Amino acid sequence: MAAPVPWACCAVLAAAAAVVYTQRHSPQEAPHVQYERLGSDVTLPCGTANWDAAVTWRVNGTDLTPDLLNGSQLVLRGLELGHSGLYACFPRDSWHLHHQVLLHVGLPPREPVLSCRSNTYPKGFYCSWHLPTPTYIPNIFNVTVLHGSKSMVCEKDPALKNRCHIRYMHLFSTIKYKVSISVSNALGHNATAITFDEFTIVKPDPPENVVARPVPSNPRRLEVTWQTPSTWPDPESFPLKFFLRYRPLILDQWQHVELSDGTAHTITDAYAGKEYIIQVAAKDNEIGTWSDWSVAAHATPWTEEPRHLTTEAQTPETTTSTTSSLAPPPTTKICDPGELGSGGGPSAPFVIGVPVILALAAAAAPASSLLI
Amino acid sequence: PAPICFLGLLLPPLNPAAPISPAEPISQAYSLALYMQKNTSTLLQTYLQYQGSPFSDPGFSAPELQLSSLPPAAVSFKTWHALEDGERLNRAQGAFLALTQHLQLVGDDQNDLNPGSPILLAQLGAARLRAQGLLGNMAAIMAALGLPVPPEEDTLGVVPFGASAFERKCRGYVVTREYGHWTDRAVRDLALLKAKYPA
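Listed in order, the protein sequences are those of chains W and U. Residue numbering for the first sequence follows full-length UniProt numbering, starting at 1 and increasing by one per position. Residue numbering for the second sequence follows full-length UniProt numbering, starting at 1 and increasing by one per position.
Check the hints yourself; a few may be wrong.
List time: in silico BS3-like cross-link candidates among lysine-lysine, alpha-carbon distance up to 30 Å [claimed, not checked]:
1) U:Lys196 <-> W:Lys161
2) U:Lys78 <-> W:Lys178
3) U:Lys38 <-> W:Lys241
4) W:Lys283 <-> U:Lys196
5) W:Lys156 <-> W:Lys283
So the derived list for chain U, only partly shown, Cβ under 8 Å to chain W, looks like this [to be verified]:
6) Ala73
7) Trp80
8) His81
9) Ala82
10) Arg185
11) Val187
12) Leu192
Hints in this document: simulated from the structure, not taken from any laboratory. Quick caveat, the model's predicted, so the values are computed rather than measured. For each residue, glycine too, the CB sits at the ideal point set by N, CA and C.
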């Protein structure tokens, strides 16, 4: 019994040494990279092994069940994204790596979405693209720009990888631009193109630094100022016009004002004491479309400071005072119109509140729901 | 009635020594150019409709077609931006002078080719009157700036009488198209001058 143990021990040591030797001396071949289409079936051969050799397949280090095998080949049906990974096959009962496949499951590209816009007219424009659905594998895009028959350079954006920039050559040109994009990956190819006149794609960036301030001693005014977008290269030669919209936070309906010049405007019909939200958009005076709305400015019109109540200054209740307190009537009775003109008395405070609210409602024609 | 209003803007010759603010004539010219701009695409579309195929085909466009007697409106941005006031107005004047003369020719051609089309003939006539009005306004701007007004010259030169119907239709297309582009350019030129010489 002492004899077999040392022999087994030697055998194990020898086997271990052999494995170490083969692993060090047989070159690790780089895995074969393979792209397959989502939903399809694929059969992975185990390198050059015989079709009926006994092998073990592993994916990312985990053994795969033998029922997926057809001889020495791995069969995967109905590929899903989760099937992507590093597949390796080994002769059974061996650590010797026979073959590796790096499988990527993906899709051929659908038609790309391409759009161009000029926020720096007339200096140039940029084009952006994206795929409507992901391919899950790497894609290569190629953009070409033609002005009539002349080819133009589209410079890659330093920050965004799906955008490039073209510098304009001509103003008032009749010749259209044609921008084409092709996209390809290991599973397929697609392309699209758009044609346009230089002036149709003009859309400035929104105005900057929109500030709204109350106007002292004016409870219905708000002063709004803004700046032309910094990306617009030449506001002197290519002036912008502006569109202002505002509403109190509590209402849904916007008021609109179109302004042909200047970067300031005073709102004169604000509801007293209500917080407003204000936005501005810009457009070239002659061509193109309106910008997106600017970042919103908030402001509340100036309101009079509430008078501090002191014992000497308290004025007696009269029917004409609008700041009198609302004392409840001593008896709950139906408000008789005949009583309104009587003046004084305990029912008077109840009537006084009404004219104030009516004045507000009359001034704000569309919004009769302002009875708060 | 509208074109006649603008004819009233043709100002009498002014004493070049008297300094006048150019802001007023610039503003008037700008307003006229804006008004003209609203009708230019209608003019082109109406013209094309009346010429039959291929001009009346949808999406018809032949940007490479040019007339050597009409200066093209397309210009490089750098050049356009660097123009001096005098040069800027000179170029616009030259173009609109050529356009008035060419519009006369096109009107005559269309009278011959499409005799029963009062709408087209009226639009061509109105465009010519407006271009003349704009010339007058630009002369006033130049006088106010103390610049010499260029003399009226014959831009058409020798017109071949034997031009075929197709050649005449092509000619009219280029003229109505360039009228639109020069109007767009005039709006920009005058807006630039308006900013430079504020009221």
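Now the hints, each set against the structure:
1. U:Lys196 <-> W:Lys161: violated (40 Å)
2. U:Lys78 <-> W:Lys178: Within the cut-off at roughly 23 Å; holds.
3. U:Lys38 <-> W:Lys241: Answer holds: U:Lys38 to W:Lys241 is near 17 Å, not above 30 Å.
4. W:Lys283 <-> U:Lys196: Holds, at about 21 Å.
5. W:Lys156 <-> W:Lys283: holds (27 Å)
6. Ala73: holds (4 Å)
7. Trp80: holds (5 Å)
8. His81: Because about 7 Å separates U:His81 from the closest Cβ in chain W, which is inside the 8 Å limit, the hint holds.
9. Ala82: violated (11 Å)
10. Arg185: With Cβ-Cβ at 5 Å, under 8 Å, it holds.
11. Val187: At about 6 Å, which falls below the 8 Å cut-off, the nearest Cβ of chain W leaves the hint on U:Val187 intact, so it holds.
12. Leu192: holds (5 Å)
The structure does not agree with the numbered hints 1, 9 stated previously, though it agrees with the rest.
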